[in-house]
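Join the two chains into one complex using the hints; note that each chain is given alone, in its own frame.
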Amino acid sequence: MVNSISPPQRDLPGDFAIWIFIFAELLVFGIFFVAYAFARSYNVELFNASQSTLTREFGAINTVVLITSRFFVVRAVAAIKNNSSQICVNWLGAAIFMGAIFLFIKIIEFHEKFSEGITLSTNTFYMFYLSLTFFHFMHVILGMVILAAILFKARQGGYSAKDHTGVETGASYWHMVDLVWIILFSLIYIIR
Amino acid sequence: MSEYTEYTEYIVRPCTLVWLILILLTVFAFVVGELELGGITIIATILLSTLIKGQMVADYFMGLHRVRWRWRIIMYSWLLLVTGLIGFAYSLGLK
Numbered sequence: 006m007v008n009s010i011s012p013p014q015r016d017l018p019g020d021f022a023i024w025i026f027i028f029a030e031l032l033v034f035g036i037f038f039v040a041y042a043f044a045r046s047y048n049v050e051l052f053n054a055s056q057s058t059l060t061r062e063f064g065a066i067n068t069v070v071l072i073t074s075r076f077f078v079v080r081a082v083a084a085i086k087n088n089s090s091q092i093c094v095n096w097l098g099a100a101i102f103m104g105a106i107f108l109f110i111k112i113i114e115f116h117e118k119f120s121e122g123i124t125l126s127t128n129t130f131y132m133f134y135l136s137l138t139f140f141h142f143m144h145v146i147l148g149m150v151i152l153a154a155i156l157f158k159a160r161q162g163g164y165s166a167k168d169h170t171g172v173e174t175g176a177s178y179w180h181m182v183d184l185v186w187i188i189l190f191s192l193i194y195i196i197r
Numbered sequence: 016m017s018e019y020t021e022y023t024e025y026i027v028r029p030c031t032l033v034w035l036i037l038i039l040l041t042v043f044a045f046v047v048g049e050l051e052l053g054g055i056t057i058i059a060t061i062l063l064s065t066l067i068k069g070q071m072v073a074d075y076f077m078g079l080h081r082v083r084w085r086w087r088i089i090m091y092s093w094l095l096l097v098t099g100l101i102g103f104a105y106s107l108g109l110k
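These protein sequence lines are chains B and D, in that order.
Just so we're on the same page, my numbering is the position in the first sequence counted from 1, plus 5.
Just so we're on the same page, my numbering is the position in the second sequence counted from 1, plus 15.
Everything labelled a hint here was simulated from the structure, so no lab data went into it.
Just so you know, not all the hints are guaranteed correct.
Unchecked claim - Among chain B residues calculated to face chain D with C-beta under 10 Å, some are: (1) R15; (2) Y41; (3) S57; (4) I72; (5) A83; (6) F115; (7) Y194.
We put the CB at the ideal spot given by N, CA and C, even for glycine.
Looking at chain D on its own, in the form it has when it is part of the complex (with noise of 0.2 Å):
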């Protein structure tokens, strides 16, 4: 037997949940867009459901989350300073 079974006890299991998610949010994403709405709020919104899935495609589909923190940071710091670094060029075209 696997030495990793705990996902037998999901009637869904954690990877068809995340997979949804992804959609959902994809499918937000572009609701967002084709209303071709701006402003920061829309911007940090979107920029944050951005980090939200490449946070659980990180952890769940690339199995980071098992990881050694330092592995993991790498992952995160790049998400992170990626995705402030364009909120906070975006921020400069508002102005």
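Just chain B, with the same shape it has in the complex (with noise of 0.2 Å):
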């Protein structure tokens, strides 16, 4: 049978204290974006010569990987939604393997920055590019190690259709962390 009638609305997915953390730090996140944005006005020259230097196609193929790490995410909580935790495990386990993939891409980016000379000091482009992408890259370790937690406790049996929050909890942050990336991959590496 098939239920074509909208579900009723209702409340946040998820554990509710981990809604007041994720707006907590989409507030952060988006004062360091209009920081950054102002900051450029004042100095456009000197932003777009550094935003050239960065190596765009790190960028996009993070923004890929996130993109897709959080689709994996999504079928996830659907699998246990559908009481499949064996799947639900698989999808989180492509997940995390997809955040490693963004961890690794980030760490050649910084090496490759480092390597050059760059540091925080280097100018007002830097400073906020090198914040502003470590800030975002201890996030995505945060949620890895949140969705590791979720894995173990699923392949265990620790949820079921009828008890999934912890799932659902997990994957609202996981989303979060790349709902952040597509608003900084627009504003540091192609607005100009």
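Written out as structure tokens, the structure is:
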């Protein structure tokens, strides 16, 4: 049977506490993004010249990687709602793997910049670039730790179709990390 | 049976479709970046595509399209405010 009636409106998915954390994180990242944009308006040439030195391919590949990872997490949540713990575990594993690819690419990018002698004090653009991307990098690591904890619990049969709040909670955090990257990618790598 | 099984009607799952659109918008942004285009039209286009991407992630991946308005409005306001202020700051840089 297919239910064609729209589902009733509900509260936020996952644990409510994670949403307080998510909204607080969004506020912090939002302030960072706006500060970057206004700082750029005072020194457009410097920001454009420094932006040209970034490897845009790394940014684009990492965006695709995170979007795909996010898609895997959506499938993991759908699987547990269908009572398929093993499938949920597989999708979560795939999402964590994509997260690891993101970190690997980011480390290469950081290594490239540090090898060129670029630091936080090189100029205002690099101060924002390094601090924003490193701050996000740490969030990806935290997101992967959360997903790994959920994976282990799911593997032990800790979640079911009736009790999957933990999976939704971790998924919501992971989506927030990726949502922030979408704006970061456009801001740092694309718009000039 | 699950309470909401409407997805079984689709050949391509909505989340797969959203994933594809997000990838396409990312490729579009990358091409614009590679061409190193500037100007208010390009900035507005990229910010609009970023806004659409953010909205799709919030609605379909975070699942906010089924959530009460009072929660959704926080996310939508954040997206609009951040992209709007970025657009305003960039327009200042054009002068």
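- request: Tell me, in ascending order, the numbers of any earlier hints that this structure violates.
  value: As far as the earlier hints go, only 6 is violated by this structure.
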